[in-house]
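Following the hints, put chains R, S and Y in place on chain C, whose structure we already have.
4 protein chains.
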Amino acid sequence: MLADYAAETAAGTTWQPKREDFREHVQEVFAASAATRLIGASLGRIAPGHVEVLLPCHERITQQHGFVHGGVLGMIADAAAALSALTVAAPGTIGVTVEYKINLLEAAFGELIIARGRLIRPGQAVSIAAADLYSVSASGREQMVATSLFTLASRTRRRRRA
Amino acid sequence: MLADYAAETAAGTTWQPKREDFREHVQEVFAASAATRLIGASLGRIAPGHVEVLLPCHERITQQHGFVHGGVLGMIADAAAALSALTVAAPGTIGVTVEYKINLLEAAFGELIIARGRLIRPGQAVSIAAADLYSVSASGREQMVATSLFTLASRTRRRRRA
Amino acid sequence: MLADYAAETAAGTTWQPKREDFREHVQEVFAASAATRLIGASLGRIAPGHVEVLLPCHERITQQHGFVHGGVLGMIADAAAALSALTVAAPGTIGVTVEYKINLLEAAFGELIIARGRLIRPGQAVSIAAADLYSVSASGREQMVATSLFTLASRTRRRRRA
Amino acid sequence: MLADYAAETAAGTTWQPKREDFREHVQEVFAASAATRLIGASLGRIAPGHVEVLLPCHERITQQHGFVHGGVLGMIADAAAALSALTVAAPGTIGVTVEYKINLLEAAFGELIIARGRLIRPGQAVSIAAADLYSVSASGREQMVATSLFTLASRTRRRRRA
Chain C
1 MLADYAAETA
11 AGTTWQPKRE
21 DFREHVQEVF
31 AASAATRLIG
41 ASLGRIAPGH
51 VEVLLPCHER
61 ITQQHGFVHG
71 GVLGMIADAA
81 AALSALTVAA
91 PGTIGVTVEY
101 KINLLEAAFG
111 ELIIARGRLI
121 RPGQAVSIAA
131 ADLYSVSASG
141 REQMVATSLF
151 TLASRTRRRR
161 RA
Chain R
1 MLADYAAETA
11 AGTTWQPKRE
21 DFREHVQEVF
31 AASAATRLIG
41 ASLGRIAPGH
51 VEVLLPCHER
61 ITQQHGFVHG
71 GVLGMIADAA
81 AALSALTVAA
91 PGTIGVTVEY
101 KINLLEAAFG
111 ELIIARGRLI
121 RPGQAVSIAA
131 ADLYSVSASG
141 REQMVATSLF
151 TLASRTRRRR
161 RA
Chain S
1 MLADYAAETA
11 AGTTWQPKRE
21 DFREHVQEVF
31 AASAATRLIG
41 ASLGRIAPGH
51 VEVLLPCHER
61 ITQQHGFVHG
71 GVLGMIADAA
81 AALSALTVAA
91 PGTIGVTVEY
101 KINLLEAAFG
111 ELIIARGRLI
121 RPGQAVSIAA
131 ADLYSVSASG
141 REQMVATSLF
151 TLASRTRRRR
161 RA
Chain Y
1 MLADYAAETA
11 AGTTWQPKRE
21 DFREHVQEVF
31 AASAATRLIG
41 ASLGRIAPGH
51 VEVLLPCHER
61 ITQQHGFVHG
71 GVLGMIADAA
81 AALSALTVAA
91 PGTIGVTVEY
101 KINLLEAAFG
111 ELIIARGRLI
121 RPGQAVSIAA
131 ADLYSVSASG
141 REQMVATSLF
151 TLASRTRRRR
161 RA
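Chains as they are written, first to last, in this note's numbering: chain C, 1 to 162; chain R, 1 to 162; chain S, 1 to 162; chain Y, 1 to 162.
I should point out that these hints are in silico values taken from the structure, not numbers from a laboratory.
As the structure is a prediction and not an experimental result, all values here were calculated from the model.
Hints may be right or wrong, so weigh each one.
Some chain C residues flagged as far from chain Y (calculated, every beta-carbon gap over 12 Å) [to be verified]: (1) Glu59; (2) Ile128; (3) Ser137.
Computed beta-carbon distance windows for the label pairs [claimed, not checked]: (4) Lys18/C with Gln27/S: 40 to 48 Å; (5) Lys18/Y with Ala125/S: 42 to 50 Å; (6) Arg37/Y with Arg19/R: 46 to 54 Å; (7) Ser139/S with Ser42/R: 24 to 32 Å; (8) Glu106/R with Lys18/Y: 45 to 53 Å; (9) Arg155/C with Arg60/R: 22 to 30 Å; (10) Arg155/C with Ser137/S: 42 to 50 Å; (11) His58/R with Glu142/S: 23 to 31 Å; (12) Glu24/Y with Ala32/C: 51 to 59 Å; (13) Thr13/C with Arg141/R: 42 to 50 Å.
C-beta: ideal position from N, C-alpha, C; glycine also.
Bound-form chain C, shown alone (with noise of 0.2 Å):
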């Protein structure tokens, strides 16, 4: 019975996007942030309530220890929890980063990174939404490098004017 909560936590739970075209959307979203672009990162898989965010490992977004920096790792969690809870969102409506936590379980090294972001409950104000990220060797082996957790909150479209 203690493992049978991970699936309606974590994978269990259908959400019910809220637009036909909700891949589309995440994945104009996603191509409209610079940020992300600049570290080199795409999107994987994307499904309702669920957005895999990869960055290839490369020299440039390393710390001094020739890992990937901790906060590239708060990045792509940043881009699959939000991106994740957009998946469900009404249309017209965007999502904001309140605030996240993050824990970096192990130096993120090897070909790539997975961020799997998750949503835990959206709401029409707030929503909360995890990301999971694994590193993955070149033999294709996994693990777990960091864990988060998101506080999103719904607004209305807003751009800032040039």
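For chains R, S and Y alone, coordinates are given in the frame of chain C:
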């Protein structure tokens, strides 16, 4: 009396560096981090228990709404907090970020973002630090845009094999 | 200059209450909380954006090593932070804690624990507050034992049906 | 594939206790905590890396709106997370909570609150654990009311002098 505690927690505590060249050491560690260079960050003031990281605002570090990406704010917060602990670290030890939490208070843009790291509690195994982030407009007006809290661990030096 | 920001973030900002009886309102809300009564907490100073919660140390609130339980510290931090936001809230709204993060810096014991809540950023929908906790010895010496950060949401009044 | 990671992070990992009497040890440590007794909490299931803490809902642990106090939720989350790490700790070491972050998802009330702690990453110096909290209604329906993330440090045994 309510106001008094600000002095102790933030500014009043006098930290004692354990090496004379702590400023040079902070500069070296910062310079060795490729990721902070990628986003264009530089060092500001360095004092015992306090380090500023400066980030000029530019298009490449924005998210989809044209503001500085929350993950980028996390990156400079991480740098400022970790380096503020490094100012008083014993020679031969390195600081590793165990976890952090950041609250994003305002959409961040302007000329410059300043992350002001401050050591809260140094420890042999675990240190606690904070970083407050401010946007600075062209006219020099500062606005607090984020606040964050970090848990750092001290480790003996380790470097990833090439 | 590094020290200057302490003033703004912690003590220098002048918050403006939206009701004259904000002190009485804070006292009423605090008195209505059975859980804080159970652990023996009481109110200290109340000022706009600042509320102190006092907790005499006694055996019933300790954990297995004889120190004040970390969860109890979280309780008084929550009370102090939420009430500090309440001092400037509009009449008719209530504050709900969305999330908090607390760093436990030292084993907490002594005569008294003081939680000093301070409002960081009020907002219509979401407010950010902090609480720093100090143990006070019989001789009056204060030691910081915890620091915490809170996200609060404003809601219209709601009460659980009996 | 998106669903697969739930197994690894939450339930699939098999933790290996380092002492045969880990259940008795968890019970002893829990029984020695006066604060959790004060709020009426008890232990549920104990398995390697997993501990449940049960809290019957009653008036004395409510906040001003009649729901279970958020700080009380933090207390049982702390107990469940720390004890889940204790199930696999080496004899002679104790776990100290360094910090935690908790998201309160729903107003909590009902017959019972269950905090399900799970170990995420054990470590010699620092361990990471989580706790998810559920309210259980009289009819047995569970609803997730909070989720939390903990950083724990291993220390050699210490007891406060009387």
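- Which numbered conditions among the earlier hints are violated in the structure presented, ordered from lowest to highest? 2, 7 and 11
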